[in-house]
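Visitor: Sequence:
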Amino acid sequence: AGTARLPGFHVCVGSGGERLAPEWYKEKGIELILSTEIVEADLATKTLTSAAGEAFKYQILIIATGSTVVKLSDFGVQGADAKNIFYLREIDDADKLVEGIKAKKNGKAVVVGGGYIGLELSAALRINNIDVSMVYPEPWCMPRLFTADIAAFYEGYYANKGVKIIKGTFAVGFNADSNGEVKEVKLKDGRVLEADIVVVGVGAIPLTTLFKGQVAEDKGGIKTDAFFRTSVPDVYAVGDVATFPLKLYNELRRVEHVDHARKSAEQAVKAIKSSEEGETIDEYDYLPYFYSRAFDLSWQFYGDNVGDTVLFRDSDQKSPKPKFGSYWIKDGKVVGAFLEGGSPDENKAIAKVARVQPSVQNLDLLTKEGLSFACKI
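If you read the sequence shown in the UniProt record's numbering, its first letter stands for residue 1, the second for the next number, and so on.
Because the hints were derived from the structure by calculation, they are not lab data.
Some hints could be false.
With a Cα cut of at most 25 Å, we get these calculated DSS-like pairs of lysine-lysine [as the list claims (entries may be wrong)]:
| id | residue 1 | residue 2 |
| --- | --- | --- |
| 1 | K263 | K28 |
| 2 | K57 | K273 |
| 3 | K96 | K164 |
| 4 | K188 | K164 |
| 5 | K183 | K96 |
| 6 | K183 | K83 |
| 7 | K348 | K263 |
| 8 | K270 | K223 |
| 9 | K105 | K186 |
| 10 | K212 | K71 |
| 11 | K186 | K108 |
| 12 | K167 | K183 |
Build out the structure end to end from the sequences listed, making use of the hints.
Guide: Below you can see the structure in the form of structure tokens.
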């Protein structure tokens, strides 16, 4: 109680291991150059140029530019540059949002978007006693991952926590007061919502502009092989920006997630070292993994969300926290698994199912077995 805050999870997702302060880089022999924006990259001459005109020559380049947030002003949405319209991508964004929450104590917030940012920040705003309306055009939240059944649980839970959910419409404009601060959100369906704070989470775009026309691209990212080598010798790409072969499903994918960002970076460095030493390493074999925490909830998903689905509930009705899950079945095999409220061991079990892809004949039986199916694999 008292001071406004965002749970650390929202601003430093996956924050485990060593703290990477400037001293850490120094100790590891890494030259850390801050406040220096690269504005031009010439891959043919292996030269990068900064905004200040400084040239950097390289032998090996790793592109780890990540993604940038999609802004409503990019689409010419009226009034989208009003004050107190927030996005969340950097630590600075989080600091500004916390200041906004403090300044608008017990005020009204409109959250635009029903994905990760929308769900996690709606929860954070409610925890800080802000009145929240959440607006998104899709028929249910997290549509890229959730089935209608899974989404119905979270929407109900959020509604019970006081979050007003408005589906099937989107923000088309904002009105500001005489100070330039947002005061109203205009929706496509004609409704106008009061707002002291607006948080927008409508997606991200990989930052590939510097390399356009110099390197092969696919699916919005820079195309790589299983070692994160691009089409240009000595140039690697990792994280959000890389479109790589996802071995498990034999297709090219781009994954926006901290887990893949770290693992792809590790693979690229191993590949660089192994080529220097004349050794070979295994191809990248990634199991897609997503997770989220909000209010008292915590879910994990592994694998691919394609094919038929079964929803299962935990048999222990006395459990104080909800526990349920879902399997995705394609060509008679379980290819994806989702679990809300799982223990560490149970989460490991659903990860194993998604990796092993066991065969199933009877979906009714799978529904009945539920979590125990995963736990015995």
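Visitor: Can you give the numbers of the hints that this structure goes against, from lowest to highest?
Guide: none
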